Every structure is written in structure tokens, then in C-alpha cells.
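Protein chains: 4
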Amino acid sequence: MSDTPLASPMTPDAPPPMAKPVAKPMTKTRLEAFSDGVIAIIITIMVLELHTPDSVSVEALLHILPTFLLYALSFIYVGIYWNNHHHLLHATQRINGATLWANSHLLFWLSLVPFSTRWMGESDFATIPTAFYGFTLLMPSIAYYILVRVLIACNGQNSLLTTAIGKDVKGMISTGLYIAGIALTFWNSFAGLACYVAVALIWLVPDRRIEHD
Amino acid sequence: MSDTPLASPMTPDAPPPMAKPVAKPMTKTRLEAFSDGVIAIIITIMVLELHTPDSVSVEALLHILPTFLLYALSFIYVGIYWNNHHHLLHATQRINGATLWANSHLLFWLSLVPFSTRWMGESDFATIPTAFYGFTLLMPSIAYYILVRVLIACNGQNSLLTTAIGKDVKGMISTGLYIAGIALTFWNSFAGLACYVAVALIWLVPDRRIEHD
Amino acid sequence: MSDTPLASPMTPDAPPPMAKPVAKPMTKTRLEAFSDGVIAIIITIMVLELHTPDSVSVEALLHILPTFLLYALSFIYVGIYWNNHHHLLHATQRINGATLWANSHLLFWLSLVPFSTRWMGESDFATIPTAFYGFTLLMPSIAYYILVRVLIACNGQNSLLTTAIGKDVKGMISTGLYIAGIALTFWNSFAGLACYVAVALIWLVPDRRIEHD
Amino acid sequence: MSDTPLASPMTPDAPPPMAKPVAKPMTKTRLEAFSDGVIAIIITIMVLELHTPDSVSVEALLHILPTFLLYALSFIYVGIYWNNHHHLLHATQRINGATLWANSHLLFWLSLVPFSTRWMGESDFATIPTAFYGFTLLMPSIAYYILVRVLIACNGQNSLLTTAIGKDVKGMISTGLYIAGIALTFWNSFAGLACYVAVALIWLVPDRRIEHD
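Residue numbers (the working numbering), protein chains in the order written: chain W, 217 to 429; chain E, 217 to 429; chain G, 217 to 429; chain X, 217 to 429.
It is worth saying that the hints were derived from the structure and are not from the lab. Predicted, not measured: the structure shown is a model, and the values here were computed from it. A virtual CB, placed ideally from N, CA and C, is assigned to each residue, including glycine. Any given hint could turn out to be false.
Residues from chain X shown here face chain E by an in silico Cβ test under 7 Å; the list is partial [as the list claims (entries may be wrong)]: (1) K244; (2) R246; (3) G253; (4) V254; (5) I257; (6) L316; (7) S320; (8) S327; (9) F331; (10) W335; (11) S339; (12) D340; (13) F341; (14) A342; (15) I344.
No farther apart than 30 Å at their CA atoms in a straight line, the calculated lysine-lysine pairs in the DSS-like style are these [unchecked claim]: (16) K386/G - K244/W; (17) K244/E - K244/W; (18) K386/X - K244/X; (19) K244/E - K244/X; (20) K244/W - K244/G; (21) K386/G - K244/G; (22) K386/G - K244/E; (23) K244/E - K386/W; (24) K386/E - K244/E; (25) K386/X - K386/G; (26) K386/W - K244/W.
Using the sequences and the hints, build the whole thing.
Structural data, given as C-alpha cells:
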């Protein structure tokens with residue numbers, strides 16, 4: 217016992233000191249921390265894209281108001297994903313390797329939101345950039361759905377997670393609204409934008425499914 | 217025992233032993249981690265805005281001294297919010313979905329500080345940018361007040377939080393000074409700036425209300 | 217008992233009851249948190265390098281598709297390192313001062329990936345930038361190997377870590393493919409790039425060595 | 217008992233359920249997390265300053281080699297502070313409000329390193345920028361000293377921290393070398409730079425004072 221390097225204290229979840237050490241199950245702490253870091257950066261670097269007004273008048277400030285509101289909208293979308301990710305991982309009890317990739321996949325699509333926000337803002341809401349903006353909102357919603365499926369596969373059909381997620385009606389409506397918004401953009405950019413804004417509104421009500429189920 | 221939703225806590229990784237798993241209350245760990253991430257980025261990206269001096273002389277360095285001091289001032293404001301946020305969440309025992317949004321709302325306004333700092337610096341303290349800078353300091357103070365109210369509603373009137381916050385005289389004085397500063401800016405930018413600096417000074421004394429109550 | 221430096225562990229905040237306090241062993245929590253932060257920033261700031269299309273047409277969007285795919289590729293590489301780092305530290309029970317430097321060394325080389333990605337993208341896959349991109353992928357793989365050795369030296373040959381890592385065939389194949397890719401670049405950039413892509417593909421299968429050993 | 221909102225489980229370090237709730241001592245977790253975030257960003261955004269070579273030749277790559285080495289040097293300095301901060305906080309058992317400000321003070325000066333690195337690189341190691349670079353290395357070393365004093369005042373003369381820190385000979389030598397380097401810069405920039413490099417070298421040996429005392 218005294219010569220095994222594994223018998224030390226201070227490793228609160230250390231495996232029992234058997235001959236061949238065994239692996240501990242993965243914990244979700246670092247997955248949450250990494251996701252928090254990436255989402256925090258995505259949500260914050262968008263403000264770096266904001267150009268200062270051309271002059272020091274109130275008119276110049278009002279001139280950038282649409283860009284400003286667009287920034288606020290993207291802030292809300294990324295904030296929604298952070299909130300939902302928080303609720304989702306909170307209800308999760310196990311993760312595995314597939315979870316890590318499904319999570320990175322979600323973060324990848326979210327990381328494009330600052331890019332599409334910038335392009336749409338620069339283009340004054342032209343058709344293609346506005347449709348592309350919708351695309352960069354649609355893809356995270358699909359990636360989030362995949363992440364939920366992978367987590368449920370890992371945690372079991374009878375788990376807290378499955379009960380907590382339920383039918384995810386809000387998620388399905390959101391995906392539908394994004395697709396509708398992209399299509400509408402080709403008729404009128406602002407009709408498409410209205411669909412995107414509708415998604416933000418239905419999520420601003422806190423998601424009580426997991427928290428209080 | 218069987219009807220309490222808090223049964224078998226503290227073993228987050230264990231599979232629930234009951235037929236229908238129940239949700240755990242939300243913990244504040246991730247809220248703190250996400251806020252730390254966002255505030256760390258806000259406070260750090262401001263230095264990216266600092267333009268290097270035009271030449272390699274001491275004069276050129278002194279020429280950017282006002283911008284440098286402005287950066288230091290904004291660093292202090294964001295640092296104040298991190299400190300207070302730390303104290304506030306430290307005294308908090310429960311959070312809910314409304315808390316997440318109130319917190320994101322605070323982070324949104326804080327995220328505009330690098331933008332307003334840049335504009336005020338570029339404009340050499342013109343009236344509108346200096347007033348707008350005050351606005352981006354005022355809004356977080358209001359958002360912070362809302363966050364405190366939401367947290368108290370969630371934690372209860374008799375909670376540690378309520379006792380710790382007390383009357384928040386400093387917070388009310390700060391909000392008043394920001395409003396006064398914005399108004400004074402239209403008379404003289406530096407009078408407004410003096411009000412903002414006064415707020416920084418009253419907060420640099422560590423907040424002992426929560427820590428040592 | 218009195219000569220063990222590990223006495224009274226697990227009560228990190230309690231004042232030591234002995235005359236001369238003794239040091240606790242280092243924990244890996246902060247090493248993980250700092251690495252998560254740096255990797256999260258590396259993976260996210262790459263999107264800041266993406267230039268918006270020149271016009272608002274689908275053609276302009278397709279024109280930046282290679283740059284976009286390059287961004288996705290770099291995202292995957294950095295994601296691979298985060299995943300492997302997660303698995304590696306998960307199996308680690310002790311760290312020491314040498315570990316901190318070996319870890320920073322890995323982070324240093326990873327931090328060059330956004331730079332080399334940008335150069336290769338700007339140069340339209342010219343020979344030297346493409347070889348340099350391979351170099352900035354090769355160096356982290358060597359730094360990762362060093363980190364593994366340092367961790368094994370610290371944790372002992374009989375530790376969970378040693379068992380979990382095994383022969384690291386994937387790691388050796390990756391390093392070989394990077395070297396081959398750099399060499400091939402001087403014949404044809406896209407042959408080199410194909411080698412790099414091959415590495416990404418062999419890692420996208422989740423690493424089950426540590427997780428399920 | 218049943219009507220107090222504080223008697224719930226799941227708050228592992230909750231105060232005992234007395235009539236008037238009492239404050240818990242501050243924990244260092246968030247201080248570490250915030251510092252990790254800020255230092256991670258400082259160390260990573262420096263690579264954003266690296267300009268890609270003008271052409272796609274090896275010569276163009278070699279042309280930016282001094283800037284590259286300068287980046288590596290600044291990476292090492294910030295890494296040294298992270299390492300030392302890690303060791304310091306590891307040995308710390310208590311923090312207070314003054315600690316938060318002393319820590320933010322250190323982070324402020326560290327946040328200027330990317331700025332001074334950029335200026336010195338752009339100026340091809342001119343006198344004033346090189347001296348200013350030394351200044352932005354000197355100030356964190358002073359801020360670190362203040363942080364150590366504040367922590368010792370908070371933890372007590374007999375604490376683990378005091379024992380672990382010892383005389384801090386390395387720290388004093390570093391501060392001396394920075395001052396010497398700044399002075400030497402006015403004779404020859406590279407003599408000053410040599411002093412700065414010497415500091416990096418004496419720290420690259422892991423600090424065993426706290427770890428193994």
C-alpha cells in the first residue's frame with residue numbers, strides 16, 4: 217500500500233487503489249467551462265465589430281442605431297444558447313466522447329454569428345447577407361438538437377434529461393421560424409428579419425421546462 | 217421524504233435511484249464562470265483599442281496619455297462591477313431562470329463600455345461621446361439594480377443576500393452621479409467626466425457590506 | 217504520520233492546526249481552467265480573421281468558401297487538441313511545476329494556428345504558407361508528446377495515466393502525417409493539405425483509449 | 217425550521233440555519249477564475265498583433281522572425297506571471313476585499329504588455345519603446361509584490377503563505393533586472409533587452425518554493 221503512487225489523498229474522486237487503475241467516468245465540469253469560455257468570447261467580440269460614429273453628433277449616433285440593434289439581437293441569440301446550454305447540461309448526468317464533438321459542433325456554428333452579423337450590418341440588410349444570417353442561426357439550432365440526441369443516448373431514455381427536455385416544442389418552432397425567415401428574405405429582408413426576431417421573443421421567457429419540472 | 221424534490225442531492229454523477237428522476241435546483245457556478253469570462257474579455261479587449269504612439273519619442277507617449285488614463289478609468293469601472301458581482305453572487309444562495317436573463321442584461325450594457333471608451337477617446341472628449349460614455353456607465357448601474365431585485369425575489373426577503381445588500385447607498389449615489397455627469401457634459405465635458413471619476417473613487421474603497429457583515 | 221506533507225487534506229480553507237503549516241499538492245483545476253480559456257480564445261478569434269465577402273451576391277459568398285473551409289479545418293484541429301487535453305488531464309492525478317511549463321509550451325504553439333491560418337488563406341495556398349501551416353500543426357503535436365512524458369514522469373509508470381495513454385499510435389501517425397504533409401507541400405500545396413486533412417479525419421472518431429479503458 | 221428558506225440542502229457551504237444569516241468567508245475560486253480568464257486573453261490576443269509576412273517567401277517569413285521572437289518573449293513573461301499567480305493563490309487560504317483590488321491592479325499592468333510589445337516591435341527596438349516595454353514588465357512585478365503583501369496581511373505572518381513565499385529572492389532580482397534594463401536601454405536597446413531576457417531565463421526554472429516546501 218505505501219509504495220503505490222495512487223493511494224494519496226487529495227484526489228477526491230480517485231479510483232480505489234487496485235492493482236490496475238481504472239478510469240473514472242468523464243465529468244461535465246470542463247465541457248461546461250470550455251463552452252462558457254467560447255460563448256463568452258463570441259458574445260463579446262461582436263462589440264469589436266461596432267464602428268464608432270463618423271462624427272460626434274446625435275445624428276451620427278442614431279445613424280448607427282440599426283447596427284446597434286443588430287448587435288443587441290445577436291447578443292440575445294447567443295445568450296439564448298448559453299441559457300439553454302446551461303439548462304441542458306444542468307440536467308445531464310453523463311457525458312462521453314461523442315458529447316464533446318456534438319458540443320464543439322454547436323460552438324462552431326455559434327462562432328459564425330459575429331461574422332454573419334457583421335456582413336448583414338455592412339450590407340444594410342441586403343437579401344443574401346440576411347438569408348446567410350438566418351442560416352447561421354438555423355445551423356446552431358440543428359446542432360443543438362443533435363447535442364440533445366447525443367446526450368439522451370448517453371444518459372438513457374429514462375434519465376432526468378429526457379424528462380426535462382420533453383418534446384422541445386420551442387426548439388422545433390424556432391427551427392421552423394428560421395427556415396421560414398430564410399425563405400421570406402428572398403421576398404423581403406425585413407420579413408425574414410421579423411421571423412428571426414420572433415424566435416428571440418419566444419425564448420426571452422425563461423425556459424421553465426428543466427428548471428422546475 | 218419522498219415528495220421533496222431535493223432528495224439525494226450532492227451526488228451529481230450518480231444515476232437517480234428513483235423511477236422518475238427529479239431536477240436539482242440550479243447552481244450559481246456556471247453563472248459566475250460565464251460572467252467572469254465575459255467581464256474578463258470586456259476588460260481586456262479595451263487594450264486592443266489603444267493605438268501605439270505616432271513616433272518613438274517621449275512626447276508621442278505623453279500625447280496618448282489621456283487615452284491611456286481613459287483606458288485605466290474604464291478598466292476600473294469594469295473591475296468595480298466584477299468586484300460587486302463577486303460580492304453579490306457570493307451572498308446568493310439560489311438562482312432561477314430570471315436571474316440568468318437579468319445577469320445577461322447587465323453583461324450586455326457592460327459590453328458597450330469598450331465601444332463608448334473608444335468613441336470618447338477618438339473624439340477628444342466631445343460632448344455627445346462623453347455623454348454617451350456616461351450612458352454606458354449608467355445603464356449597467358440600472359441593470360445591476362435589477363439583478364439585485366431579481367436575486368432578492370428569488371432568495372427571499374429574509375435571506376443572507378437581503379441582509380448583506382442593505383440599502384445600497386453607494387449604488388444609489390453612483391446612479392445619481394452618472395445622471396448628473398451626463399447632464400453636466402452638455403455644459404462642459406470635463407465636468408461630466410469629473411462626476412464619472414467620483415464614482416470610481418467611492419468604489420475603490422472595498423465594499424465591506426457583504427464581506428464582513 | 218507527522219512527516220507526511222499530505223496531512224489534513226481536503227479542508228482547503230481551514231487554518232492549519234499545526235505550528236508550521238505544510239503545503240498541499242498542486243491541483244489540476246486551474247491548469248484545466250487556464251488551458252480552457254486559452255484554447256477557447258484561440259478557437260474563437262479565428263473567426264475575427266474572416267473577411268466579409270466583397271459584394272452581397274451568392275458568388276461572393278462562394279468566393280470565400282475556401283477560406284471558410286480553412287477556418288473550419290483549423291477549428292477542428294484546435295478542437296482535437298482540446299478534446300485530447302481533456303482526456304489527458306482527466307486521467308492525470310498529479311501535476312507539478314514542470315507540468316505547468318509543458319502545458320504553456322503546448323498552448324504557445326497552438327496560439328500560432330490563427331496566424332498561420334490567416335497567412336495560408338491570404339496567400340491562396342502558396343507553398344511556404346502552406347508548409348508553415350503544417351509546421352504550426354506539427355509543433356503542438358510534439359509539445360503534446362512532451363506534455364504526456366512530463367505528466368507520466370510526475371504520475372508514475374504504474375499510474376492510470378500510463379495505462380490510459382498506451383502506445384498513442386494515433387499521435388505518432390499524426391506527427392508522421394504532418395511531416396509528410398510539410399514535405400509534400402513543396403511538390404504540391406494541395407497534396408500537403410490532404411495530409412493535414414487526413415489527420416483531422418482520424419481524430420474525429422472520439423478517442424476511446426482513456427475514456428473507456 | 218420548516219419556514220426558513222435557508223435550510224435547504226444543495227448549498228454545501230451554507231451557513232448554519234440561525235435566525236439571522238451570517239456571511240461566509242470569501243473563497244478564492246472566482247478570483248482564480250477571473251485572473252485565469254484575463255491572463256488567458258492577454259496571452260492570446262498578442263498573436264492578433266502579428267502581421268502576416270508581405271510575400272510568400274522564406275525570406276519574408278524570416279523578416280518577421282524578430283517580431284515572432286518578441287511575441288514568444290512576451291508569451292513567456294505572461295506565462296511566468298500565471299505560474300507564479302497559480303503558486304501564490306495555491307498557498308493562500310483567505311482573501312478579502314483588498315485582495316481583489318491588489319489582484320486587479322496586477323492584471324491592469326499585465327494587460328499593457330500586448331500594447332508595449334506591439335509598439336516595441338513596430339519601432340524596431342527604438343529606445344523609448346524598448347524602455348517602455350521594460351516599464352510594462354516592471355510594473356507587474358511591483359504589483360505582484362503588493363499582492364503578496366496584501367495576501368500575507370490577510371493570511372497572517374504564521375500562515376502557509378508566509379512560509380511558502382520566503383524571501384522571494386527571485387522576485388527581487390527580477391525587479392532589479394527590469395530597472396537595470398530600462399536604464400541600459402538609453403545606452404543600447406539590446407543591452408536593455410538582454411536584461412529582460414535574463415529575467416525570463418531565471419523564471420523558466422519552475423518555482424519550487426511553494427510547491428515542495
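Against chain E, is R246/X within 7 Å by beta-carbon distance? 6 Å, holds
If you take the shortest Cβ to Cβ gap from A342/X to chain E, is it below 7 Å? 4 Å, holds
Given the hinted pair K386/X and K386/G, is their alpha-carbon gap at most 30 Å? Distance of about 41 Å is beyond 30 Å: violated.
When you check the alpha-carbon spacing of K386/G and K244/W, does it fall within 30 Å? 25 Å, holds
Can you verify the interface hint for D340/X: is its Cβ closer than 7 Å to any Cβ in chain E? 9 Å, violated
Is K386/G close enough to K244/G, meaning Cα to Cα at most 30 Å? Between K386/G and K244/G the Cα gap is close to 25 Å, so the pair holds against 30 Å.
For the hint on S320/X, does the least C-beta distance to chain E fall short of 7 Å? Holds. Min distance 5 Å.
Next pair to validate is K386/X with K244/X; report whether the Cα-Cα distance is within 30 Å. 25 Å, holds
Per the CB criterion, is F341/X less than 7 Å away from chain E? Interface hint status for F341/X: violated (10 Å vs cutoff 7 Å).
Pair hint outcome, K244/W versus K244/G [Cα-Cα no greater than 30 Å]: Holds - the C-alpha atoms of K244/G and K244/W are around 15 Å apart, at most 30 Å.
Restraint satisfaction for F331/X [CB to CB of chain E, less than 7 Å]: Holds: closest Cβ of chain E sits about 5 Å from F331/X, inside 7 Å.
Is it true that the CA of K386/G sits at most 30 Å from the CA of K244/E? 39 Å, violated
Hint compliance for this structure: hints 1, 12, 13, 22, 25 are not met, and every other hint is.
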